[in-house]
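Colleague: Protein chains in written order, with our numbering: chain A, 1 to 221; chain B, 222 to 564.
Heads up, a few of these hints could be off.
Some chain B residues close to chain A (C-beta under 8 Å, calculated; not the full set) [what the hints assert, rightly or not]:
1. P516
2. L517
3. P535
4. T548
5. A555
Counterexamples of contact, computed for chain B against chain A with all Cβ distances above 12 Å [said to hold, decoys possible]:
6. R241
7. K246
8. S259
9. E287
10. H288
11. D293
12. K335
13. Q415
14. D441
15. A498
16. A519
17. N521
Just the calculated beta-carbon pair ranges, DEER-fashion [what the hints assert, rightly or not]:
18. A/H176 to B/P535: 22 to 32 Å
19. A/E133 to B/A361: 38 to 48 Å
20. A/P180 to B/N332: 53 to 63 Å
21. A/P180 to B/G233: 49 to 59 Å
22. A/V27 to B/R501: 45 to 55 Å
23. A/S44 to B/I429: 31 to 41 Å
24. A/A136 to B/D278: 29 to 39 Å
25. B/V533 to A/P130: 34 to 44 Å
26. B/E244 to A/V27: 29 to 39 Å
27. A/A52 to B/S428: 38 to 48 Å
28. B/E339 to A/P209: 47 to 57 Å
29. B/D485 to A/S44: 17 to 27 Å
30. B/V533 to A/E179: 17 to 27 Å
Just so you know, the hints here were simulated from the structure itself, not pulled from any lab data. All C-beta atoms, glycine included, are put in the ideal place defined by N, C-alpha and C.
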Amino acid sequence: MAETAGAFWIAHTYQAQSAADVKAFLVESRIRPAWISSIHAIGSLDLAGYSAMGIPAGCVVYSWPQRVFSGHRVVHTAVRSILLGETEMALLLDSSAAVLLASHIAVGRHNLFPLATFGAFSAFNHSELPLLEKLASSLAVQSPESASPNALLIEGSSLKRPVKKGTRFENAAWVHNPEPDSALAGCCSVLDALFTSGRKHGLAVDVEPGGLTLYTSLERM
Amino acid sequence: MHEYKLMLVGFGNVGRAFARLLERKQETLRSEFDFSTSISAIATGRHGIAVDPGGVDWQQAIRLVEHGRSIDPLSTRHGLDSITEMIRSTPADFLFENSPVNHRTGQPAINYLKAALEMGMHAITANKGPVVHAYSELSALAAKKNRRFLFESAVMDGAPIFSLFRGPLPAVELRGFEGILNSCTNLLIELMEQGKTFEEAVEYGKSIGITETDPSADIDGWDAAIKVAALSTVIMGVPLKPDQIDRTGIRAITPEMIASARADGERWKLVCTAKRADARVIAKVAPQRVNQSSPLFAINGTSSYVQFETDVLPGLGIIESNPGPETTAYGLLADLINAVRNG
Numbered sequence: 001m002a003e004t005a006g007a008f009w010i011a012h013t014y015q016a017q018s019a020a021d022v023k024a025f026l027v028e029s030r031i032r033p034a035w036i037s038s039i040h041a042i043g044s045l046d047l048a049g050y051s052a053m054g055i056p057a058g059c060v061v062y063s064w065p066q067r068v069f070s071g072h073r074v075v076h077t078a079v080r081s082i083l084l085g086e087t088e089m090a091l092l093l094d095s096s097a098a099v100l101l102a103s104h105i106a107v108g109r110h111n112l113f114p115l116a117t118f119g120a121f122s123a124f125n126h127s128e129l130p131l132l133e134k135l136a137s138s139l140a141v142q143s144p145e146s147a148s149p150n151a152l153l154i155e156g157s158s159l160k161r162p163v164k165k166g167t168r169f170e171n172a173a174w175v176h177n178p179e180p181d182s183a184l185a186g187c188c189s190v191l192d193a194l195f196t197s198g199r200k201h202g203l204a205v206d207v208e209p210g211g212l213t214l215y216t217s218l219e220r221m
Numbered sequence: 222m223h224e225y226k227l228m229l230v231g232f233g234n235v236g237r238a239f240a241r242l243l244e245r246k247q248e249t250l251r252s253e254f255d256f257s258t259s260i261s262a263i264a265t266g267r268h269g270i271a272v273d274p275g276g277v278d279w280q281q282a283i284r285l286v287e288h289g290r291s292i293d294p295l296s297t298r299h300g301l302d303s304i305t306e307m308i309r310s311t312p313a314d315f316l317f318e319n320s321p322v323n324h325r326t327g328q329p330a331i332n333y334l335k336a337a338l339e340m341g342m343h344a345i346t347a348n349k350g351p352v353v354h355a356y357s358e359l360s361a362l363a364a365k366k367n368r369r370f371l372f373e374s375a376v377m378d379g380a381p382i383f384s385l386f387r388g389p390l391p392a393v394e395l396r397g398f399e400g401i402l403n404s405c406t407n408l409l410i411e412l413m414e415q416g417k418t419f420e421e422a423v424e425y426g427k428s429i430g431i432t433e434t435d436p437s438a439d440i441d442g443w444d445a446a447i448k449v450a451a452l453s454t455v456i457m458g459v460p461l462k463p464d465q466i467d468r469t470g471i472r473a474i475t476p477e478m479i480a481s482a483r484a485d486g487e488r489w490k491l492v493c494t495a496k497r498a499d500a501r502v503i504a505k506v507a508p509q510r511v512n513q514s515s516p517l518f519a520i521n522g523t524s525s526y527v528q529f530e531t532d533v534l535p536g537l538g539i540i541e542s543n544p545g546p547e548t549t550a551y552g553l554l555a556d557l558i559n560a561v562r563n564g
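So that you can see chain A by itself, here it is in the shape it has in the complex (with noise of 0.2 Å):
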């Protein structure tokens, strides 16, 4: 089999609160509505909006509900339907931000330019073992080049900067999420601290309230 299959991060943007929003950023992309196989949006969702829009029929709308799950776990169900080749374009959404995934197919049938591609994306439960520990073995399992990030953003937790030295992440750059309820607006926030430094490795986490955490790793392109 070719080994090319991936999820690839198209583009994203801040300005998300309305379907108009949506549909300035699709048309700032050069993306357009009928290419898009599948929606996520986190919170409520304007349906008659966006079928204006000229979303396709067959189009999956998935509809999350707000706040009481990272975000992270949107990023990551689109990730894999994009791997399993259940759909070859994704727009995530919340009231934050907006972010469009594409798979290697649609990549190259629209010539689209990825900004990024995903180095891994899981969960843990980090109870028995402190966070950062626990991060770096499971990070060191799923995705050993992307083990040593150079931007991080860690929310839902106690933990606090300056992370330790000796540690994979001492020489990340602490990332600020200008909308911490939007795990879609920090994996932006990661992405866009990367192409300011100029650097390739990216990591955003996420602790939910129950203590599993879940972490989404963004290699630039």
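Given the coordinates of chain A, assemble chain B onto it according to the supplied hints.
Modeller: Relative to the frame of chain A, chain B by itself:
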């Protein structure tokens, strides 16, 4: 590059849409997934059987079926007594089973899928009958033979409901769900909202191919009930049969009831519900009035909607807008790719 031989049982709207989709996607399958396909056998309910290990002329088969003629002349093998015999005697890697659903027993689809798995094929279906009536048996047989039994198109066509709970949401406990799972009745009720009588709505539905010649499976809630049973059996882990579901169809909805609901800012919908109660699942299919605060209110035309209640997510809703045979065919293709990747 590997070429997989496919066998199609059932060559109605979905089977033909799948054959066309396969042709359209051959280049993608070759370049991106490193395999190609050919169709080595097609079996229909009323138009015969065509077997050709070198590749059946499926485009001619479509023309023949759409003109009401037999596809037997396309076959290089003759004298096959049954579809089961065809499955047992024709080499293939995949069986795609898309025969009409049998709500009561799931047959003969179950026997076709069983025969295919026993012969070492992957078995893929859009048919809800085998999922409800033989899920455990077929899954166990597939595991024993190291093959896949996949059925993503059985509920909500191309929306990946089952794989959602196998993949991204593993280990969540599904407590229940609510939704509109039968698109035909949703359209019929909407036509009544536009002023048609029940009978006129059914006739219109038939004229545009949404309603079957015998629409009772949709109108009496059987199709919705078997989808509820499939979700309960596979995702909730509690086997249910359609006749165990408290089921009421839409025949009793009158224009007066529609008008009364509208006056109150509400709409009638055929609502499917399932709720876990200890080790049981209590399930129901019945018309209900829903108000504007309900996500069901805005589900129009032939769209479908389901909202899952889990232990970690209080409400994950999935909407599929106006699906057609092509959407179902896409689900079958996704199952094919999934089986090749993970088979």
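Colleague: B/T548 was flagged as interface toward chain A. Is the shortest Cβ-Cβ separation under 8 Å?
Modeller: Holds, because the Cβ-Cβ distance from B/T548 to chain A comes to roughly 4 Å (cut-off 8 Å).
Colleague: Would the least Cβ to Cβ distance between B/S259 and chain A come out above 12 Å?
Modeller: Label holds. Min Cβ-Cβ 19 Å, cutoff 12 Å.
Colleague: Should the hint that A/E133 and B/A361 are 38 to 48 Å apart at their CB atoms be regarded as holding?
Modeller: holds (41 Å)
Colleague: Given the hint of 22 to 32 Å, is the C-beta distance from A/H176 to B/P535 inside that range or not?
Modeller: holds (30 Å)
Colleague: For B/H288, is the shortest beta carbon distance to chain A beyond 12 Å?
Modeller: holds (28 Å)
Colleague: Taking the beta carbons of A/V27 and B/R501, is their distance inside 45 to 55 Å?
Modeller: Given a distance of about 51 Å, which is inside 45 to 55 Å, the answer is holds.
Colleague: Let me know if the C-beta of B/A555 comes in closer than 8 Å to any C-beta of chain A, holds or violated.
Modeller: holds (5 Å)
Colleague: Please confirm whether B/Q415 is truly not at the interface, meaning its C-beta sits more than 12 Å away from all C-beta atoms of chain A.
Modeller: Correct as stated: the minimum Cβ-Cβ distance to chain A is 18 Å, above 12 Å.
Colleague: Hey, does B/D293 actually stay past 12 Å from chain A on C-beta?
Modeller: The assertion about B/D293 holds, with a minimum of 34 Å to chain A.
Colleague: Just double-check B/K246 for me: nearest Cβ-Cβ distance to chain A has to come out over 12 Å.
Modeller: B/K246 is in fact no farther than 12 Å from some Cβ atom of chain A, at 10 Å.
Colleague: Beyond 12 Å from every chain A Cβ: check whether that's true for B/D441.
Modeller: holds (27 Å)
Colleague: Go ahead and decide if the range 53 to 63 Å is satisfied by the Cβ distance of A/P180 to B/N332.
Modeller: holds (57 Å)
In summary, the structure is inconsistent with hints 2, 7, 16, 17, 24, 25, 27 from the numbered list given earlier, while agreeing with the others.
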